[in-house]
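Number of protein chains: 4
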Amino acid sequence: MIIAIKRGAAAEEIREFSAALEQREVKVHFSEGTIQTVLGLVGDTTAIDAEALQAHHLVEKVMRVQEPYKRANRLFHPEDSRIDVPLPEGGARSIGAGSLGIIAGPCSVESREQIVEVAEAVKNAGAGFLRGGAFKPRTSPYSFQGMGTGGLDLLVEAKKATGLPIVSELMAINQLEVFDEVDIIQIGARNMQNFNLLKELGRCKKPILLKRGYSCTVTELLMAAEYVMAGGSDRIILCERGIRTFDTYTRNTLDLSAVPFLKRQSHLPVIVDPSHGTGLSWMVPSMAKAAIAAGADGIILEVHNNPEKALCDGEQSITPPVFASLMKDLKKYAEIEGKKL
Amino acid sequence: MIIAIKRGAAAEEIREFSAALEQREVKVHFSEGTIQTVLGLVGDTTAIDAEALQAHHLVEKVMRVQEPYKRANRLFHPEDSRIDVPLPEGGARSIGAGSLGIIAGPCSVESREQIVEVAEAVKNAGAGFLRGGAFKPRTSPYSFQGMGTGGLDLLVEAKKATGLPIVSELMAINQLEVFDEVDIIQIGARNMQNFNLLKELGRCKKPILLKRGYSCTVTELLMAAEYVMAGGSDRIILCERGIRTFDTYTRNTLDLSAVPFLKRQSHLPVIVDPSHGTGLSWMVPSMAKAAIAAGADGIILEVHNNPEKALCDGEQSITPPVFASLMKDLKKYAEIEGKKL
Amino acid sequence: MIIAIKRGAAAEEIREFSAALEQREVKVHFSEGTIQTVLGLVGDTTAIDAEALQAHHLVEKVMRVQEPYKRANRLFHPEDSRIDVPLPEGGARSIGAGSLGIIAGPCSVESREQIVEVAEAVKNAGAGFLRGGAFKPRTSPYSFQGMGTGGLDLLVEAKKATGLPIVSELMAINQLEVFDEVDIIQIGARNMQNFNLLKELGRCKKPILLKRGYSCTVTELLMAAEYVMAGGSDRIILCERGIRTFDTYTRNTLDLSAVPFLKRQSHLPVIVDPSHGTGLSWMVPSMAKAAIAAGADGIILEVHNNPEKALCDGEQSITPPVFASLMKDLKKYAEIEGKKL
Amino acid sequence: MIIAIKRGAAAEEIREFSAALEQREVKVHFSEGTIQTVLGLVGDTTAIDAEALQAHHLVEKVMRVQEPYKRANRLFHPEDSRIDVPLPEGGARSIGAGSLGIIAGPCSVESREQIVEVAEAVKNAGAGFLRGGAFKPRTSPYSFQGMGTGGLDLLVEAKKATGLPIVSELMAINQLEVFDEVDIIQIGARNMQNFNLLKELGRCKKPILLKRGYSCTVTELLMAAEYVMAGGSDRIILCERGIRTFDTYTRNTLDLSAVPFLKRQSHLPVIVDPSHGTGLSWMVPSMAKAAIAAGADGIILEVHNNPEKALCDGEQSITPPVFASLMKDLKKYAEIEGKKL
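Chains as they are written, first to last, in the numbering used here: chain A, 25 to 365; chain B, 25 to 365; chain C, 25 to 365; chain D, 25 to 365.
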């Protein structure tokens with residue numbers, strides 16, 4: 025961390041400030057220029073609040089050189105992390121480090137018939153995981169809020185019928201007890217900065233699929249992962265799912281540059297959600313392919329056997345035949361990129 | 025709600041679609057044009073999901089005429105709501121309906137000395153309420169997270185010493201039990217769409233100060249209020265505190281147009297936070313005055329007796345003398361606007 | 025265009041309003057509901073200003089069903105447009121309708137040596153066009169503003185040496201006279217809404233590469249194309265080059281969803297600029313591949329033989345060897361997507 | 025400017041880099057730390073391109089301490105600038121340095137009757153300047169583009185009838201010849217980064233009212249002013265008129281924090297346009313008052329005698345009676361703020 029001191033500051037004051045900083049377990053390198061003094065902080069500066077320093081009357085500007093995250097940082101963990109999910113028949117299905125994870129299924133679990141039918145369809149097309157929501161975050165209190173625990177039960181039935189590991193969203197920590205059979209816990213965009221929830225999740229042993237908040241920076245996403253990892257967990261999958269911008273032709277703006285950036289900064293796997301990221305079913309195949317081309321470790325997308333009757337997000341769900349056709353293309357892309365699918 | 029049907033749709037299909045809509049307790053007004061058919065939905069459409077309708081193959085576009093919120097809507101509650109907080113000596117202090125609420129205090133409670141000193145200073149300058157954080161949402165797990173319950177205890181001591189009602193942020197519903205003495209519960213920007221928390225708060229009898237998420241639309245803020253109100257509560261104070269935009273010279277962009285807009289759409293009081301809204305202490309007085317000029321029902325701002333040593337948000341805290349000087353101007357502004365201060 | 029009339033409006037007033045609308049060469053379809061009257065405007069509504077209508081005291085909301093652009097609209101020109109640029113040796117090089125256009129070269133022309141060396145390198149790697157700036161839009165009046173006419177002369181020399189058609193940016197209409205040998209005229213992001221310039225360009229017979237303004241919607245980009253096309257030209261190439269968002273880890277946020285969207289709405293070719301779209305050279309290959317996967321008709325990117333000494337945009341330029349390696353991947357992607365490269 | 029060098033860089037290479045920098049008329053202060061070397065550039069760094077430096081393989085990060093603008097910078101011109109516009113009867117009307125400029129009139133000049141009627145109404149209510157557009161930047165080539173030169177003639181007639189100095193927008197430099205009688209030349213938001221136009225305006229002797237581009241940072245606005253000032257002019261009025269954000273309940277988001285920020289960074293007067301800044305006539309009075317409270321040196325707003333029939337922007341125009349009532353409030357606000365109106 026580099027601190028530029030205001031011009032004309034008294035040497036005595038700078039020394040006092042510098043001494044105060046050294047009490048925070050960093051070493052201050054002191055460079056007195058003819059015009060401006062610059063302090064260089066050496067050591068672990070992740071616990072030093074750059075914005076707080078900015079309040080000091082001596083400080084002109086603060087520049088962070090070191091990233092504010094440690095456990096999620098590739099610098100300290102150069103090789104790719106891989107998330108392995110055990111399969112009922114033995115072995116495991118992986119995401120990251122060369123393995124593409126394809127997670128497909130309906131936005132919401134609506135009935136046994138629906139979830140089993142979709143599960144079989146996506147399995148046959150080559151999906152590796154089944155997704156389905158039981159607890160749904162909805163903008164309106166008057167909208168369908170998901171089937172709750174009953175929905176999870178049906179999802180588990182579909183898992184048993186197909187052998188696909190399952191992914192479902194957890195909205196509050198007290199729901200954890202009913203997530204026993206869920207293989208990957210999804211944390212939604214609106215909860216990405218629910219810091220109390222993130223802290224609690226650090227004690228959870230299951231893999232966490234952490235979606236980027238729709239107005240959070242990539243650095244904030246890595247800091248959210250850091251919250252969970254600081255609690256002890258290290259099985260995190262990052263997910264780009266679109267950010268909020270001035271243009272509204274898509275529900276969100278899918279920020280695919282986040283894929284190479286996150287993979288450079290962190291060792292964690294990065295997947296993409298082209299369904300929520302665009303909100304338009306006809307655009308999903310193009311953006312799913314683009315995600316793989318950009319280097320993603322997988323995709324999560326919505327497949328519904330009857331999008332028009334979906335209780336939630338029908339406008340962004342593709343049908344099983346469209347999904348099957350997309351999977352054929354993705355296999356070719358995976359081959360070029362040297363990934364297992 | 026108005027639904028434009030795609031050109032060339034079969035009359036039979038439109039009739040079926042229309043019949044299905046009527047099962048949702050609305051009446052469908054059917055207007056067959058020479059080029060395009062338009063359906064008008066009459067009745068309470070708040071429970072109808074416009075985006076889901078968009079998934080139907082017959083639908084060209086959906087236009088919502090009625091607002092998606094009811095209890096927060098001024099249409100059904102034309103007079104201003106006023107939030108009354110009882111005072112220890114009897115009577116009440118009010119926010120809304122002509123009464124300005126001035127809420128001041130440090131970002132975080134740091135010590136008995138600090139909170140009592142600031143409390144007395146802001147009281148003498150004319151503040152109506154004392155703010156102070158005990159549980160702090162921080163972007164980094166390595167930053168100071170607040171004093172927790174101990175901080176609340178100190179805040180209550182300052183309340184007893186000064187008679188000022190207190191405002192503090194609640195981050196998770198299980199903290200509610202220690203908020204007994206807190207007069208107004210603040211819900212922070214990052215929890216504005218924590219729907220599980222909002223639902224639980226509906227059962228709470230205390231006033232809720234609901235901050236706008238830094239990337240939430242004003243309609244989403246009103247929908248968040250609706251979540252709480254749907255649970256039974258009706259004592260909500262809305263708070264504009266800056267939104268995230270492309271420009272970063274201020275921490276957030278204070279969106280003062282939200283004040284007249286929210287007050288036109290809703291009967292709830294609207295206050296402004298110029299401290300978080302700008303992140304720059306020297307800008308706080310200008311923006312506090314602008315907030316009152318724009319029609320706000322109050323302000324909440326950070327005052328610290330020693331901003332340079334603040335453990336949190338020092339760069340946006342003003343000192344007691346600056347606050348006292350600001351209060352003199354605000355009194356003149358209140359008079360012009362015909363508000364009580 | 026559909027106009028919802030305010031509840032309680034007098035029938036007589038609505039009739040007058042309706043009659044006034046009919047004088048603008050549209051037919052008004054009149055649907056009187058029990059609760060709300062809705063007017064449907066049938067005919068060419070591109071010349072009707074929806075925002076102006078919103079000012080009328082009878083109007084609740086206005087919903088545009090028809091797109092505001094005509095000549096750029098795929099609805100009236102279902103087949104893909106193809107831009108052919110004649111080659112000196114006869115024949116033409118194409119962009120669009122199945123042909124990928126690869127445009128590569130330095131941000132600025134800096135010297136004969138530099139531009140010829142880069143031109144030969146990109147030609148050998150398989151580029152179809154050479155780019156190079158002579159007039160540079162710079163945020164600071166104190167930055168290098170390009171070599172001007174002398175730069176164009178050198179670019180033309182490189183064209184003669186390699187046979188590659190050339191692309192260069194025009195900043196003001198009075199520069200047109202020196203663009204005689206330039207094959208494709210680029211209009212930069214900051215001039216996308218310079219309406220006077222767009223009108224003048226309508227009379228120009230050369231193909232126009234129109235870059236999306238960094239804060240313009242895709243609809244505004246199509247309206248800018250419409251300005252040029254309304255003047256008579258129809259040889260426009262649209263270019264996505266990143267939009268301004270809250271996150272700043274990339275210089276701009278490359279909005280790849282714009283590719284499938286623009287291609288669905290318009291018949292014009294769509295290319296992508298991953299260099300300006302990210303501002304980071306190491307990210308360019310990933311995003312170039314993602315652009316082709318998303319369905320783009322080509323890419324334009326910056327290649328410099330010595331990025332560290334570039335007078336402009338060195339941080340986003342790739343070197344000739346990186347470009348050559350990228351081209352090998354792009355050929356495989358083109359094959360999967362069924363495009364000629 | 026401070027440059028952090030990458031860890032592990034060779035001393036010899038750093039010395040060469042440093043020597044190269046010194047050839048650009050700055051002195052390099054060399055601070056070799058145990059972990060990281062930091063270079064401090066002392067002197068006029070406005071001509072050094074921070075982004076270009078970022079391309080160098082030795083560079084970790086670049087931090088600009090000095091602002092990139094000089095002539096617009098308050099640092100080198102501590103006292104407020106005041107723009108004086110001569111009046112026909114002798115004397116001058118001022119904006120800045122304690123004088124509030126109130127500029128009112130219709131979006132477009134539509135007829136002699138209209139412009140004279142509005143001019144007299146705003147004069148009687150206390151406006152200091154008359155605005156009216158003759159050349160209109162419109163998103164659609166099919167919308168009304170203004171009356172052109174004929175409109176300017178009518179505006180000059182209104183000036184003669186009322187004695188009010190006039191303000192009108194110039195869209196291209198070749199229009200300058202017909203702006204002889206215009207007192208203040210307005211440059212619209214979409215032309216704020218039309219650098220060729222800005223350079224030419226530097227030679228113009230009239231005051232320039234420079235509107236902030238709707239997606240330009242405040243620093244970019246100051247750099248645009250710098251372009252004009254680098255050409256020799258120093259009579260610039262900056263204007264905040266709303267920025268583009270994710271929320272669309274207002275046409276733009278009026279960024280009132282820009283007022284105190286620009287006034288701190290620059291000596292130039294700063295005014296606010298609440299009409300374009302909100303797009304909603306009923307919101308204009310609140311935001312006009314807030315602008316003055318925030319410290320603005322004036323406002324520019326749209327007044328139309330018949331907003332419903334306005335050919336342009338009727339939805340954001342207030343009527344003469346609303347304007348007269350607003351002026352009464354503004355006089356009280358001006359008094360509190362110690363400004364002349």
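Hints in this document: simulated from the structure, not taken from any laboratory.
Be careful, since some hints might not be right.
Pairs count within a copy or across copies, as identical chains cannot be separated in the list.
Below, in silico cross-link-like pairs of lysine to aspartate or glutamate (EDC-like), each with a Cα-Cα straight-line distance of 20 Å or less [claimed, not checked]:
| id | residue 1 | residue 2 |
| --- | --- | --- |
| 1 | 85 | 75 |
| 2 | 147 | 40 |
| 3 | 364 | 332 |
| 4 | 85 | 113 |
| 5 | 364 | 353 |
| 6 | 230 | 359 |
| 7 | 333 | 37 |
| 8 | 352 | 207 |
| 9 | 356 | 40 |
| 10 | 364 | 46 |
| 11 | 85 | 332 |
| 12 | 30 | 201 |
| 13 | 363 | 353 |
| 14 | 333 | 84 |
| 15 | 229 | 49 |
| 16 | 147 | 84 |
| 17 | 333 | 40 |
| 18 | 94 | 224 |
| 19 | 51 | 113 |
| 20 | 363 | 103 |
| 21 | 356 | 49 |
| 22 | 30 | 224 |
| 23 | 30 | 68 |
| 24 | 352 | 68 |
| 25 | 356 | 201 |
| 26 | 363 | 144 |
| 27 | 355 | 201 |
| 28 | 230 | 201 |
| 29 | 229 | 359 |
Do the hints match the structure? See the list:
no. : hint      : result
1   : 85 - 75   : both (10 Å within a copy, 18 Å between copies)
2   : 147 - 40  : neither (65 Å within a copy, 34 Å between copies)
3   : 364 - 332 : neither (34 Å within a copy, 37 Å between copies)
4   : 85 - 113  : neither (58 Å within a copy, 48 Å between copies)
5   : 364 - 353 : both (14 Å within a copy, 18 Å between copies)
6   : 230 - 359 : neither (30 Å within a copy, 41 Å between copies)
7   : 333 - 37  : between (69 Å within a copy, 15 Å between copies)
8   : 352 - 207 : neither (26 Å within a copy, 39 Å between copies)
9   : 356 - 40  : neither (63 Å within a copy, 42 Å between copies)
10  : 364 - 46  : neither (49 Å within a copy, 49 Å between copies)
11  : 85 - 332  : between (54 Å within a copy, 15 Å between copies)
12  : 30 - 201  : neither (54 Å within a copy, 47 Å between copies)
13  : 363 - 353 : both (14 Å within a copy, 15 Å between copies)
14  : 333 - 84  : between (58 Å within a copy, 17 Å between copies)
15  : 229 - 49  : neither (32 Å within a copy, 46 Å between copies)
16  : 147 - 84  : neither (58 Å within a copy, 33 Å between copies)
17  : 333 - 40  : between (68 Å within a copy, 13 Å between copies)
18  : 94 - 224  : within (19 Å within a copy, 35 Å between copies)
19  : 51 - 113  : neither (54 Å within a copy, 53 Å between copies)
20  : 363 - 103 : within (16 Å within a copy, 36 Å between copies)
21  : 356 - 49  : neither (52 Å within a copy, 49 Å between copies)
22  : 30 - 224  : neither (42 Å within a copy, 37 Å between copies)
23  : 30 - 68   : between (24 Å within a copy, 17 Å between copies)
24  : 352 - 68  : neither (48 Å within a copy, 43 Å between copies)
25  : 356 - 201 : neither (40 Å within a copy, 48 Å between copies)
26  : 363 - 144 : neither (24 Å within a copy, 34 Å between copies)
27  : 355 - 201 : neither (37 Å within a copy, 51 Å between copies)
28  : 230 - 201 : within (12 Å within a copy, 30 Å between copies)
29  : 229 - 359 : neither (32 Å within a copy, 44 Å between copies)
Taken one by one, the earlier hints fail for this structure at numbers 2, 3, 4, 6, 8, 9, 10, 12, 15, 16, 19, 21, 22, 24, 25, 26, 27 and 29, listed in ascending order.
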